[in-house]
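Based on the sequences and whatever the hints tell you, model everything.
Listed in order, the protein sequences are those of chains A and B.
First residue of the first sequence? That's 1 in our numbering, and the numbers climb one at a time after it.
First residue of the second sequence? That's 1 in our numbering, and the numbers climb one at a time after it.
Possibly wrong hints are sitting among the right ones.
[What the hints assert, rightly or not] Once the Cα atoms are required to be at most 27 angstroms apart in a straight line, the calculated DSSO-like pairs of lysine-lysine come out as:
#, chain 1, residue 1, chain 2, residue 2
1, A, Lys325, A, Lys230
2, B, Lys88, A, Lys79
3, A, Lys352, B, Lys18
4, B, Lys41, B, Lys75
5, B, Lys41, B, Lys29
6, B, Lys96, A, Lys373
7, B, Lys75, B, Lys19
8, A, Lys325, B, Lys18
9, B, Lys75, A, Lys274
10, B, Lys41, A, Lys352
11, A, Lys79, B, Lys19
12, B, Lys81, B, Lys29
13, B, Lys19, A, Lys317
14, B, Lys19, A, Lys325
15, B, Lys19, A, Lys267
16, A, Lys67, B, Lys88
17, A, Lys79, B, Lys81
18, A, Lys67, A, Lys191
19, B, Lys75, A, Lys125
20, A, Lys79, B, Lys145
21, B, Lys81, A, Lys352
22, B, Lys75, A, Lys267
23, B, Lys96, A, Lys65
24, A, Lys373, B, Lys41
25, A, Lys230, A, Lys373
26, B, Lys145, A, Lys352
27, B, Lys81, A, Lys125
28, A, Lys292, B, Lys75
29, A, Lys123, B, Lys19
30, B, Lys18, A, Lys125
31, B, Lys96, B, Lys81
32, B, Lys18, A, Lys267
33, B, Lys29, A, Lys325
[Stated by the list, open to error] Distance ranges between label pairs, derived from CB positions:
#, chain 1, residue 1, chain 2, residue 2, range
34, A, Gly196, B, Lys172, 48 to 54 angstroms
35, B, Glu129, A, Leu31, 19 to 25 angstroms
36, A, Lys352, B, Glu164, 37 to 43 angstroms
37, A, Asp165, B, Arg20, 36 to 42 angstroms
38, B, Tyr171, A, Ile206, 33 to 39 angstroms
39, A, His74, B, Glu164, 42 to 48 angstroms
For the record, the hints were derived by calculation from the structure and aren't laboratory data.
If you're wondering where the values come from, they're calculated on a predicted model, not measured in any experiment.
For each residue, glycine too, the CB sits at the ideal point set by N, CA and C.
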Amino acid sequence: MIKNSESKYTNFIADRSKYPKMENGKAVIDLESHKYTKLWQGPQHPGVTGNMAVEITVNGDEIIKAKTHVGYLHRGFEKLLERRTYIQGFTIVNRICVPEPDTNEYCYSTAVEDLAGIEIPEKAKWLRTLNLEMSRIASFLMWIGGQAGSLGMGTISQWTVGMRDFWLDLFEEMAGGRIYHMYMIPGGVRKNLPAGFTEKAKDLVIKTRNLLYDVERTFFNNAIIKSRLKGLGIITPEMVDEYGIVGPNARASGKPYDVRMNNPYAKYDELDIKMLTSTVGDAYARAELRYKEMHQSLDLISQILDRIPKTGEIHAKLPNVLHWKIPAGQTYVKAESTRGEHGFFVVSDGSKFPRRVYNRGASYTHAISVLEKLAENISISDLAGLMVSLHTCPPEIER
Amino acid sequence: MEQLLNRIKDKIEIESLKKRDDLYFINVKEEHIIFLLSYLKEHEGFTHLAFLQAVDFQEYNLFQLTYMLYNYNIKVNLGIKVMIDREKAEMVSIHKLWNHAWQYQRELHELFGINFPNSPNVNESFVLEGWEDIPPMRRDFDTLKYSSETFYQRPGRSTNDPKEYMREKLYKNFVEPPKIRKEND
Chain A
1 MIKNSESKYT NFIADRSKYP KMENGKAVID LESHKYTKLW QGPQHPGVTG NMAVEITVNG
61 DEIIKAKTHV GYLHRGFEKL LERRTYIQGF TIVNRICVPE PDTNEYCYST AVEDLAGIEI
121 PEKAKWLRTL NLEMSRIASF LMWIGGQAGS LGMGTISQWT VGMRDFWLDL FEEMAGGRIY
181 HMYMIPGGVR KNLPAGFTEK AKDLVIKTRN LLYDVERTFF NNAIIKSRLK GLGIITPEMV
241 DEYGIVGPNA RASGKPYDVR MNNPYAKYDE LDIKMLTSTV GDAYARAELR YKEMHQSLDL
301 ISQILDRIPK TGEIHAKLPN VLHWKIPAGQ TYVKAESTRG EHGFFVVSDG SKFPRRVYNR
361 GASYTHAISV LEKLAENISI SDLAGLMVSL HTCPPEIER
Chain B
1 MEQLLNRIKD KIEIESLKKR DDLYFINVKE EHIIFLLSYL KEHEGFTHLA FLQAVDFQEY
61 NLFQLTYMLY NYNIKVNLGI KVMIDREKAE MVSIHKLWNH AWQYQRELHE LFGINFPNSP
121 NVNESFVLEG WEDIPPMRRD FDTLKYSSET FYQRPGRSTN DPKEYMREKL YKNFVEPPKI
181 RKEND
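In structure tokens:
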């Protein structure tokens, strides 16, 4: 074994002539000087983030400049929605985000109800909250697998994506579909809970908790994960407002903003829920925060299952939805997705078709402005970890 | 919130509308927008810009721009609506107020054709590369016409009447069964 004093690096002086020239703290990028390489990270799924490309300029293995390119998943949902009736739109909106379609359904349905002045039954509100929390845990299970996978720890992805599949089975029992549930229609929900659902869900909550303790032992106590995630991609509290950062990314930097508590919707005001924040703001703090939120989500599911009414209507009476005209007006409805504030801005002109439906996703700023800023001066091998740590979802950028 | 609206009304001319307890809308003239946004951001605590989007009102020849702000302390969303001319669609850039505003302005430039002079990267493509038609999110963009001109129609599949088809396929050599004589005949 070579001791440090005998190492060949002891008197090593880096050859600065190969390094970029700095002006005002920024590197002068001159591609002709052969000190730089341009590379593309993506668009073939760089992590579990979906199809998005980051064009990076590297010097050695250090990223000097990053630029996000999107457009690989543009399906023109907003244009499609302008040509569909309100009830047809409901089958389109959940396709905007694959890992977590329910927040889209919820926001769209609530926006339509808000414009049309429909009050939904009590039981439907509980069922919606249950559905939203289930989708949150499914999405987080996918995320933690991606975070571990992006740092070369594939085992955890196998565990958590496997566990997510059990949640998807539960969704299938609840709504009939594994990925796209189309559960929350305007006016309420589509189906009642099947017999034996509560027992199965409670059983799965225990199983998921056990898995999460395994994940904690292997992921959060892992020296490699700690050394790679600590200090990576620090979001300062000033950045939160400047870049419009929301969700766990903002809460990990000390900004207490969670739509579930700030502007309670569905049944969140009746549940025992606490704002979780951290002050460190790096990738490890974000991972820890999301891990705590997973436990909180499981806790909420148990609470909801205990309190859900046994009887009652699940759907309000609607007019004939095929000729449904919504009164003219504008509204903005938001909910907390796993990535942060997720909202729908719906404009109705009094006809059968919406005038404009705009979907505001948290990744819109996280994956472009924020990622471009945080990716500067990090190692190329950490970029995938950083992208997953911001929990970006490209479909909601381009809609 | 009412006091806040009164404070704004003292300074500039606005129309306000309460949608919900946590959602208000303000209509404001184009020339006051920078003043109003900076005032709300610096003095009234509306520090979070949730989005900036456009709505096309083709029949009035107007675009409606909506700036959705949020205040963390009073927990209220405030949508600021500005009407701008559709023919000469141009608006002041707010990239100096929020660092992520340029993204929305780039998107609006590409999808609605609204220009934001001096906004960074505003001429870059966002989701459409090499687009030459009119901006696609405008109401007068005809999606059916565009797709029939750009893409070729695939010939439809040959269809069969299932009943006829199955009879053809399964019972091609079908022979009428011989009649069974009754015993007493």
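Against the structure, the hints come out as follows:
Between Lys325 (chain A) and Lys230 (chain A), the direct Cα distance comes to roughly 53 angstroms. Violation of the 27 angstroms bound is thereby established for this hinted pair. Straight-line distance between C-alpha atoms of Lys88 (chain B) and Lys79 (chain A) comes to about 23 angstroms, which keeps the hinted pair within the 27 angstroms bound. With a CA separation close to 25 angstroms, the supplied pair Lys352 (chain A) and Lys18 (chain B) stays within the 27 angstroms bound. Restraint check for Lys41 (chain B) and Lys75 (chain B): satisfied, since their Cα atoms lie roughly 14 angstroms apart, inside the 27 angstroms limit.
For the hint pairing Lys41 (chain B) with Lys29 (chain B), the CA-to-CA distance comes to about 18 angstroms; that is within 27 angstroms, so the pair holds. For the suggested pair Lys96 (chain B) and Lys373 (chain A), the alpha carbons sit about 16 angstroms apart, so the restraint of at most 27 angstroms is met. Proposed proximity of Lys75 (chain B) and Lys19 (chain B) is supported: the alpha carbons are some 14 angstroms apart, at most 27 angstroms. Proximity of Lys325 (chain A) to Lys18 (chain B) is assessed by CA-CA distance (about 22 angstroms); at most 27 angstroms being required, the pair is judged to hold.
A hinted pair counts as satisfied when its Cα atoms are at most 27 angstroms apart, and Lys75 (chain B) with Lys274 (chain A) qualifies at roughly 17 angstroms. Between Lys41 (chain B) and Lys352 (chain A) the alpha-carbon distance is near 37 angstroms, which puts this suggested pair outside the 27 angstroms criterion. As the CA atoms of Lys79 (chain A) and Lys19 (chain B) are separated by approximately 25 angstroms, the hinted pair is consistent with the 27 angstroms bound. The hinted pair formed by Lys81 (chain B) and Lys29 (chain B) meets the criterion: a straight-line CA distance of about 9 angstroms does not exceed 27 angstroms.
Simply put, Lys19 (chain B) and Lys317 (chain A) have alpha-carbon atoms about 23 angstroms apart, close enough for the 27 angstroms limit, and the pair holds. Simply put, Lys19 (chain B) and Lys325 (chain A) have alpha-carbon atoms about 19 angstroms apart, close enough for the 27 angstroms limit, and the pair holds. A distance of roughly 21 angstroms separates the Cα atoms of Lys19 (chain B) and Lys267 (chain A); the hinted pair therefore holds under the 27 angstroms criterion. A hinted pair counts as satisfied when its Cα atoms are at most 27 angstroms apart, and Lys67 (chain A) with Lys88 (chain B) does not qualify at roughly 31 angstroms.
Under the criterion of a C-alpha separation no larger than 27 angstroms, the hint pairing Lys79 (chain A) with Lys81 (chain B) is consistent with the structure, at around 21 angstroms. Our distance criterion of 27 angstroms between C-alpha atoms is broken by Lys67 (chain A) and Lys191 (chain A), whose separation comes to about 45 angstroms. For the hint pairing Lys75 (chain B) with Lys125 (chain A), the CA-to-CA distance comes to about 22 angstroms; that is within 27 angstroms, so the pair holds. Distance restraint check for Lys79 (chain A) and Lys145 (chain B): the Cα-Cα separation of roughly 14 angstroms lies within the 27 angstroms cut-off, and the hinted pair is therefore satisfied.
For the proposed pair Lys81 (chain B) and Lys352 (chain A), the alpha carbon gap of about 24 angstroms is at most 27 angstroms, so the pair holds. For the proposed pair Lys75 (chain B) and Lys267 (chain A), the alpha carbon gap of about 18 angstroms is at most 27 angstroms, so the pair holds. The suggested pairing of Lys96 (chain B) with Lys65 (chain A) holds, with an alpha-carbon distance near 21 angstroms, which does not exceed 27 angstroms. For a cut-off of 27 angstroms, the pair hint linking Lys373 (chain A) to Lys41 (chain B) stands: about 23 angstroms separates their Cα positions.
Under the criterion of a C-alpha separation no larger than 27 angstroms, the hint pairing Lys230 (chain A) with Lys373 (chain A) is consistent with the structure, at around 18 angstroms. Only pairs whose Cα atoms come within 27 angstroms are accepted, and Lys145 (chain B) paired with Lys352 (chain A) is accepted, the gap being roughly 22 angstroms. Between Lys81 (chain B) and Lys125 (chain A) the alpha-carbon distance is near 31 angstroms, which puts this suggested pair outside the 27 angstroms criterion. The suggested pairing of Lys292 (chain A) with Lys75 (chain B) holds, with an alpha-carbon distance near 24 angstroms, which does not exceed 27 angstroms.
Taken as a hint, the Lys123 (chain A) and Lys19 (chain B) pair is honoured in the structure, with Cα atoms around 25 angstroms apart against an allowance of 27 angstroms. With a CA separation close to 24 angstroms, the supplied pair Lys18 (chain B) and Lys125 (chain A) stays within the 27 angstroms bound. Restraint check: the Cα-Cα separation between Lys96 (chain B) and Lys81 (chain B) comes to about 20 angstroms, which is no more than 27 angstroms; the hinted pair holds. With a CA separation close to 23 angstroms, the supplied pair Lys18 (chain B) and Lys267 (chain A) stays within the 27 angstroms bound.
The straight-line distance between the Cα atoms of Lys29 (chain B) and Lys325 (chain A) is roughly 30 angstroms, outside the 27 angstroms bound, and the hint therefore fails. With their beta carbons about 50 angstroms apart, Gly196 (chain A) and Lys172 (chain B) fall inside the hinted range of 48 to 54 angstroms. Distance hint check for Glu129 (chain B) and Leu31 (chain A): the Cβ-Cβ separation is about 22 angstroms, which falls inside the suggested range of 19 to 25 angstroms. For the pair Lys352 (chain A) and Glu164 (chain B), the beta carbons lie near 39 angstroms from each other, so the given range of 37 to 43 angstroms is met.
A hinted range of 36 to 42 angstroms for the beta carbons of Asp165 (chain A) and Arg20 (chain B) is consistent with their spacing of about 38 angstroms. The hinted range of 33 to 39 angstroms is not satisfied by Tyr171 (chain B) and Ile206 (chain A), whose Cβ atoms lie roughly 57 angstroms apart. Distance hint check for His74 (chain A) and Glu164 (chain B): the Cβ-Cβ separation is about 43 angstroms, which falls inside the suggested range of 42 to 48 angstroms.
In summary, the numbered hints that this structure violates are 1, 10, 16, 18, 27, 33, 38.
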